[in-house]
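Chains G, S, Y and Z supply the protein sequences, listed in that same order.
The UniProt record's numbering applies: residue 1 is where the first sequence begins, and numbers increase by one.
The UniProt record's numbering applies: residue 1 is where the second sequence begins, and numbers increase by one.
The UniProt record's numbering applies: residue 1 is where the third sequence begins, and numbers increase by one.
The UniProt record's numbering applies: residue 1 is where the fourth sequence begins, and numbers increase by one.
There's no promise every hint is true.
Copies of the same chain are indistinguishable here, so a pair counts whether it falls within one copy or spans any two.
[Unchecked claim] Straight line, CA to CA, 27 Å or less: simulated DSSO-like cross-link-like pairs of lysine-lysine:
#1 Lys106 with Lys91
#2 Lys106 with Lys125
#3 Lys7 with Lys106
#4 Lys91 with Lys125
#5 Lys91 with Lys7
Simulated from the structure, these hints should not be mistaken for laboratory data.
4 protein chains.
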Amino acid sequence: MPLALNKEELMTYLSEVFPQVADDFALDALSEDCLTMRLLVADRHLRPGGTVSGPSMFALADCATYAMVLARVGRQALAVTTGCSMDFMRKPDGSVDMIAEIRLLKLGRSLAVGDILLFSEGSDKPVARATMTYSIPPQGSAAAVAG
Amino acid sequence: MPLALNKEELMTYLSEVFPQVADDFALDALSEDCLTMRLLVADRHLRPGGTVSGPSMFALADCATYAMVLARVGRQALAVTTGCSMDFMRKPDGSVDMIAEIRLLKLGRSLAVGDILLFSEGSDKPVARATMTYSIPPQGSAAAVAG
Amino acid sequence: MPLALNKEELMTYLSEVFPQVADDFALDALSEDCLTMRLLVADRHLRPGGTVSGPSMFALADCATYAMVLARVGRQALAVTTGCSMDFMRKPDGSVDMIAEIRLLKLGRSLAVGDILLFSEGSDKPVARATMTYSIPPQGSAAAVAG
Amino acid sequence: MPLALNKEELMTYLSEVFPQVADDFALDALSEDCLTMRLLVADRHLRPGGTVSGPSMFALADCATYAMVLARVGRQALAVTTGCSMDFMRKPDGSVDMIAEIRLLKLGRSLAVGDILLFSEGSDKPVARATMTYSIPPQGSAAAVAG
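Put together the whole structure using the sequences plus the hints.
Shown next as structure tokens:
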């Protein structure tokens, strides 16, 4: 199934509907089922001890899923997160960027599921994993639960 | 089982080890198994459309769990989040504070589990639920996975 | 919001659409937002060591949610589980029944979320917690994802 | 890191400590970080409509994780499930076996995390995904939470 938005179109659209994205995130790669997003780690993402905060990791996983879904369904800003599960497995390195690799497991008419691994750049051992589920509103509706 | 820290001791300790807490969170109530924490909703917690962002809800659930665990085990800053699951069920109201009510389901020697409901102040319908699991390092160790 | 089925109607319907229920489960209590279901623990539910197996606990939490949803929406056998999270916190006692208490957190047009605590009968410390999400097909459709 | 048990040693040990395994499951493949397990689908695993039941899918994901952990840590029957999350994404085909592919994301001294995809044999679209966390008791201890 083809992409509805290419990499440049996707970043432009994300910056419009979700302006804080441009400060925090960069899009490294995009294919039909996978996307790689980078958290540009800065002081505001850190916890004492020099690790990346949990909320920052959640934000990265969530944003990567949102971007992956939009890349496939097009400009539907109202897609909303309905669920997540995360496991935090290793201490992140706060001195480098954090990389999220998402694989889209399902894209149905109303529900999408993505699996995400988070890495500190330069390491191949995941610091965390996440699953995010998104609700996609029917065309023309004014949806939204949370996110 | 008694509390190791009372409400005032807990907030003082949280402010020391986790300074951003004081800006974002307030502790409304504390008992042996339950704690109520408030997110002081400000512009930086909002998404377009006037809802509270997912990362802000994650941060509130996480901070409430951390505080509940410390209230019971005492000053052990190194307790770390190892897992979470969340369901986002209703659109939060960005014009009021968000309230987290946590119930501690288990406090073992090395693992704690808390169930959290999140409400927009003034509503009795939860906007989200969360479960957070925490790893508690053995006394004297230098632990830490993530957070 | 009133119940669509009372306790007797619910058990009769469950036995029709899901015959194995009658052998394994009993319905102890039902109100608008809460339901108590019992696993009639038998040898086939046990693991070596005399504990109740994980799949049996999953089945109990899942069946309690299915029953709670049907009690509210009526005879819609095609409601399907779309997600679950569970935490196993204490060793269950295989010599007594297991009790599930479910609280319905959300019942939307297409999605339901229930929180479940599982207890070995006679103990007030939960052996496990679960969250189950259900997809409810639109009236008249032939739905189904899994279950 | 090498395997503590090869494929034959693992199946022999599983059959000793967990006798029902031999009836329900077969081990298709094993490497250092991945394992493929098969549910030998029979009538007792089915739901009305010819789909594989949720508890059977849970059992497959759980057993695959248990086997993967034992393959690495050796004969430690007391490893126990402490948490799981699952998403059910497509309707399973009850007329063929179900295949679980597990990837071990973390194996620490006391905690293991595995990500599992479940497929109906012959399809490359996952019917479900799961994450299982296991607690590994210290050598010589008599552990156990649940499972």
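Hint numbers contradicted by this structure: Number 5 - this is the single hint that the structure violates.
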